[in-house]
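Participant: One letter stands for each residue in the lines below.
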Amino acid sequence: MRKAEIVTAVILAILSLYLMWKSGEPPSWNPDIARFDNIWMIKGEGPGSGFWPFWLSFIMFLSTIWIAVNWFRKTSPMSVSDEPFLDAYGMKMLVQVGGGLFGFLALIHIIGFYGAMCVFLIYYLKFLGRHTMTVTLLISVLTPVVCFFFFDIAMRIVLPKGYLEPLFIPLYDIFL
Amino acid sequence: MITRRTMIGLVAATMLASTSFTGIAHAFEPNKPVDFIIMAGKGGGADKMARLMQSIIEKNKLSTRPLVPINKSGGSGAEALIAAKGARDPDHTIMVTLNSFFTTPLRQPGLKIDAMKFAPIGRMAEDTFLLWVHKDSGITTFEQYLEKAKKDGSKWVMGGTGKNSEDNIITDYLNNNYGLSMKYIPYKGGGAVAKQVAGKQLNSSVNNPSEALGFYESGDMVPLVAFTDERLPMFPDVPTLKEKGGDFSYFMQRAVVGAPGMSDEALAYYNGLFKKVYDSAEWQDYKKKKSLMGDFMSGKDLVSYWGTQVDRHRKILKASGAIK
Amino acid sequence: MEVISALADGVLVALQPVNLGLAILGVIVGLFVGAMPGLGSVNGVAILLPFTFVIQSFTGGATSPMIFLAAIYYGAMYGGAISSITLGIPGASTAVATTFDGRPMALSGKAHIALVTAALASFVGGTVSNIIFTAFAPALASVALDFGDPEIFALMLLAFATFVGLGGDDIPKTIFSICIGLVLATVGFDIVSGEPRLIFFDITGFSHGIRFLVLAIGVYGIGEMIWTINTSRYSSSMTQVDVSAKNIWLAIKEFKTAWRGTSIGSALGFFVGILPAAGATPGSLMSYGVTKLISKNPKEFGKGAIDGIAAPEAANNSASTGAMLPMMTLGIPGSPTTAVLLAGMVIWGLQPGPLLFTNQPDFVWPLIGSFYISNVVAVLINLAFIPVFLWMLRMPFTILAPMIFVLSLVGTFAAYLDMFDVWLMVIVGVAAFFLRILDYPLAPAVLAIVLGPIAEPKLRQSLLFSDGDFSIFFTRPIAGPITILAIILILLPLFKVIKNKMKAAS
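Protein chains in written order, with the working numbering: chain A, 11 to 186; chain B, 19 to 342; chain C, 63 to 568.
Fair warning: there could be bad hints in the mix.
[To be verified] Here are the simulated lysine-lysine pairs, BS3-like style, with alpha carbons at most 25 Å apart:
{"id": "1", "chain 1": "C", "residue 1": "K558", "chain 2": "C", "residue 2": "K358"}
{"id": "2", "chain 1": "B", "residue 1": "K336", "chain 2": "B", "residue 2": "K206"}
{"id": "3", "chain 1": "B", "residue 1": "K153", "chain 2": "B", "residue 2": "K168"}
{"id": "4", "chain 1": "B", "residue 1": "K130", "chain 2": "A", "residue 2": "K32"}
{"id": "5", "chain 1": "B", "residue 1": "K342", "chain 2": "A", "residue 2": "K53"}
{"id": "6", "chain 1": "C", "residue 1": "K358", "chain 2": "C", "residue 2": "K315"}
{"id": "7", "chain 1": "B", "residue 1": "K293", "chain 2": "B", "residue 2": "K103"}
{"id": "8", "chain 1": "A", "residue 1": "K32", "chain 2": "B", "residue 2": "K342"}
{"id": "9", "chain 1": "A", "residue 1": "K53", "chain 2": "B", "residue 2": "K336"}
{"id": "10", "chain 1": "B", "residue 1": "K336", "chain 2": "B", "residue 2": "K135"}
{"id": "11", "chain 1": "A", "residue 1": "K84", "chain 2": "C", "residue 2": "K561"}
{"id": "12", "chain 1": "C", "residue 1": "K558", "chain 2": "A", "residue 2": "K84"}
{"id": "13", "chain 1": "B", "residue 1": "K103", "chain 2": "A", "residue 2": "K171"}
{"id": "14", "chain 1": "B", "residue 1": "K206", "chain 2": "A", "residue 2": "K32"}
{"id": "15", "chain 1": "C", "residue 1": "K565", "chain 2": "A", "residue 2": "K84"}
{"id": "16", "chain 1": "B", "residue 1": "K153", "chain 2": "A", "residue 2": "K32"}
{"id": "17", "chain 1": "B", "residue 1": "K206", "chain 2": "A", "residue 2": "K53"}
{"id": "18", "chain 1": "B", "residue 1": "K169", "chain 2": "A", "residue 2": "K53"}
{"id": "19", "chain 1": "B", "residue 1": "K318", "chain 2": "B", "residue 2": "K103"}
{"id": "20", "chain 1": "A", "residue 1": "K32", "chain 2": "A", "residue 2": "K53"}
[Unchecked claim] Among the chain B residues that face chain A by a calculated CB cut under 10 Å, a handful are:
{"id": "21", "residue": "K50"}
{"id": "22", "residue": "D53"}
{"id": "23", "residue": "T82"}
{"id": "24", "residue": "V86"}
{"id": "25", "residue": "Q126"}
Just so you know, these hints were derived from the structure itself, not from any lab.
Each residue gets a CB set at the ideal place from its N, CA and C atoms; glycine is no exception.
Just need the whole structure built from these sequences, with the hints factored in.
Facilitator: Here is the structure:
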């Protein structure tokens with residue numbers, strides 16, 4: 011993980027610098043104010059709007075340097091670890107699970123929460139969990155049904171339906 | 019198999035249902051829960067009113083489908099305006115608005131939002147503003163207030179809800195027209211401001227009556243002047259600023275609007291719905307207790323009211339330097 | 063004496079069948095809403111608010127509706143611990159501290175002890191605060207009024223100080239985590255300047271800020287979960303619990319060893335809870351921190367210390383009663399949930415404020431009476447449901463994991479009805495997974511995003527007040543001592559590190 015440690019530290023350092031830069035942003039409607047005008051104490055007003063995020067981002071930046079120093083001197087556990095950051099198994103898992111989650115998210119916009127939920131559960135239970143078809147279908151159908159009654163009907167929290175919306179109109183007629 | 023069968027059943031049911039609907043072909047009625055966007059966070063003044071309206075509708079079964087409140091407080095209303103503008107189904111999207119309905123599009127032109135494009139469903143009330151101080155300050159009249167505030171200069175601290183908000187506009191007016199240099203500290207909500215005055219952390223505030231009522235009743239907070247056209251029935255002894263020679267009154271609109279692009283049938287339906295809410299005993303009672311003003315207004319009247327408000331706020335914001 | 067007879071009358075009203083039934087119903091609803099990641103007491107109370115209007119039309123008066131909502135609030139406070147312990151996802155910010163020790167305990171097969179401790183500590187915390195509330199409510203209201211901006215800021219500083227020691231052994235990574243949480247807390251609309259801040263890539267979704275739940279569910283529901291799948295290779299690492307009446311009974315008996323955390327949580331939680339703007343989260347954190355500080359085995363904290371569960375749980379329940387105090391006597395909400403309750407009181411035609419106790423005794427005393435009743439109902443129902451929640455843990459991990467993912471996504475959406483939050487939550491979760499592998503502690507970031515939005519405006523409002531003079535935090539009679547104590551607590555661990563370094567060098 012030695013390599014991952016320093017790569018992450020560099021990425022986080024860049025993130026800190028970006029946050030510092032972003033904190034100093036002047037209001038969009040007033041081009042007269044210069045960038046970084048807001049990160050100091052404004053006379054009679056106390057700290058400007060960028061004060062808190064700017065200086066805390068600066069501390070973030072310093073701590074990434076500290077992490078890098080520890081890495082260089084090999085004084086932190088991660089900087090001497092020779093375990094892989096993600097082994098082949100981990101990579102595969104991340105692609106399968108992470109990909110599944112993003113697929114779930116994308117599907118919500120198309121077939122709504124309930125449809126996406128069902129597809130995700132079938133994918134996970136059948137292909138990753140290797141459960142039997144009966145178990146898979148039972149869970150992936152029951153979960154959206156229970157969720158529909160809990161959220162849409164009982165709690166009146168309407169989840170997005172995407173293009174499946176027309177299918178739910180008759181259900182509203184019955185239950186609402 | 020189960021899914022497929024259910025799906026087929028559902029599709030069949032939909033077709034049946036839709037044919038029966040077109041068969042009757044009556045006026046618009048919502049056929050699914052209505053998104054009820056609130057331009058403020060949970061627990062604020064606008065939220066309270068929205069939830070009261072929702073409760074009245076629910077209790078008296080005024081609507082066939084429930085209203086689902088969605089709080090969008092981001093960017094002093096910008097988030098709500100964008101959500102309403104981009105609503106996928108304008109016939110099922112309505113929004114409760116305050117004055118940020120006028121000021122936010124002016125202050126953030128990048129949003130490309132035109133308040134006049136929203137569907138005028140109904141103005142439910144206008145909230146009023148009064149000037150408050152703590153009783154221990156010994157101040158009982160507006161004149162004494164001016165004298166004390168002038169003497170203290172920027173040591174005199176006024177609190178309000180948010181920067182460049184309604185409270186800020188009134189404070190700026192007082193500062194500019196009476197030679198004061200009061201300091202303005204923005205807080206998150208009107209309740210917090212009233213508490214700071216009651217706890218003597220601040221010198222004065224311009225709270226709505228509903229926010230300061232508890233401390234008014236206990237005698238901790240004293241109203242000095244009302245920023246209305248006529249004296250408020252609840253505070254008959256409090257003069258208006260106009261009586262004191264100022265040419266200024268200021269109200270907070272509490273209106274319900276429909277998403278841009280709402281059909282005329284839907285608009286007519288919501289007009290009727292909120293008229294019923296307005297006429298309900300609960301709403302009238304609330305209006306009286308919280309010292310709200312303004313009659314129900316909808317359609318063209320409401321649009322022309324918005325027109326004058328937008329112009330007025332443009333002038334006010336320009337004068338205070340909040341916009342160019 | 064007067065108080066006791068008023069309370070007795072109140073309890074009798076609260077025990078009327080309608081009110082008792084509403085309390086039981088409310089507690090059950092609250093328990094499930096609270097146990098659901100994403101939904102917390104705020105959502106439960108807000109969603110059922112219109113329903114109370116229906117109750118009111120049957121019973122008249124505001125007492126029964128309020129009893130119902132207060133019971134939901136109580137139930138949700140108990141329920142929050144359940145998802146923290148069994149799923150490892152804090153359902154609400156008040157339950158974050160419960161995950162620190164609750165999760166490790168559940169993983170080592172002691173989930174039943176953790177759940178029972180949480181329930182009983184909640185009960186004690188709730189009861190203690192009810193007694194303080196009953197006896198001193200009007201007097202304490204003036205304390206709340208004395209807390210202006212500098213005082214609240216000093217208190218937030220103290221809350222930070224107590225959890226400086228909560229991070230891992232890697233100091234720069236802990237500092238990084240705290241700071242990124244505090245920076246992300248400023249995303250969105252800045253009330254003091256009236257301008258939007260840190261709107262990354264001009265995406266509107268950021269204008270409401272990065273919500274606590276997005277970070278918490280992302281870190282725990284997604285990041286931690288993927289990490290567990292990675293380390294356990296798709297099989298569960300959870301030691302299963304044998305659910306039996308005997309085991310539960312043994313757990314109840316073990317509760318007495320958690321007296322330290324329980325008592326600190328009860329007292330501190332209430333006090334922090336009554337301060338407007340603070341709410342139950344800082345209370346539960348501070349209680350955890352203080353209990354760790356004075357514990358005989360501070361090393362056990364974070365690895366499954368029973369005191370580490372009792373303290374935050376006693377505190378969040380105690381604080382939730384405490385938060386009712388400024389709500390009722392000042393009309394100021396101390397937390398988002400009390401803000402909604404306050405809206406309810408106004409809708410039912412009550413005027414919260416200093417005169418509420420004198421003008422509306424018919425409302426106040428039955429409500430206080432119902433606090434006691436709801437608390438008893440809540441602990442009994444919670445204990446009865448523990449086997450059900452434990453049973454959930456017995457599900458195969460390949461079923462539990464996708465269910466947690468589904469719950470995380472649905473819960474995040476349900477909290478604010480915003481798809482942007484759901485996307486951000488998953489992205490945060492994947493990032494959290496990478497940081498988790500490299501041992502970055504993420505709990506400080508999650509907590510910082512709760513405290514940051516309270517602390518930063520208070521800092522700036524105070525300095526606006528003092529014309530930018532920092533001495534305001536030291537010279538005011540209440541703020542001064544708190545600030546100094548906080549600074550000492552923050553510097554203490556630093557001194558230790560320097561001392562150790564010097565020793566090592568010489």
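Participant: Taking the hints in turn, state whether each one holds.
Facilitator: Status of each hint after checking the structure:
1. K558/C / K358/C: Cα-Cα ~18 Å, so holds.
2. K336/B / K206/B: holds, 24 Å
3. K153/B / K168/B: With Cα atoms ~19 Å apart, K153/B and K168/B stay inside 25 Å; holds.
4. K130/B / K32/A: holds, 23 Å
5. K342/B / K53/A: holds, 23 Å
6. K358/C / K315/C: The given pair, whose Cα atoms are some 21 Å apart, holds under the 25 Å limit.
7. K293/B / K103/B: holds, 24 Å
8. K32/A / K342/B: Given that 25 Å is the threshold and the Cα spacing comes to 24 Å, the pair holds.
9. K53/A / K336/B: Distance ~24 Å between K53/A and K336/B Cα, so the pair holds.
10. K336/B / K135/B: Holds. K336/B to K135/B sits at ~23 Å (cutoff 25 Å).
11. K84/A / K561/C: OK: K84/A and K561/C at ~21 Å, within 25 Å.
12. K558/C / K84/A: Holds, at roughly 22 Å.
13. K103/B / K171/A: At roughly 20 Å apart (the allowed maximum being 25 Å), K171/A and K103/B satisfy the hint.
14. K206/B / K32/A: holds, 24 Å
15. K565/C / K84/A: holds, 20 Å
16. K153/B / K32/A: violated, 45 Å
17. K206/B / K53/A: holds, 23 Å
18. K169/B / K53/A: holds, 21 Å
19. K318/B / K103/B: holds, 20 Å
20. K32/A / K53/A: holds, 22 Å
21. K50: holds, 5 Å
22. D53: Hint holds; D53/B Cβ to chain A Cβ min 8 Å, cut 10 Å.
23. T82: holds, 8 Å
24. V86: holds, 5 Å
25. Q126: Q126/B check passes; min Cβ-Cβ to chain A is 7 Å, inside 10 Å.
Going through the hint list in order, the structure does not satisfy hint 16, though it satisfies all others.
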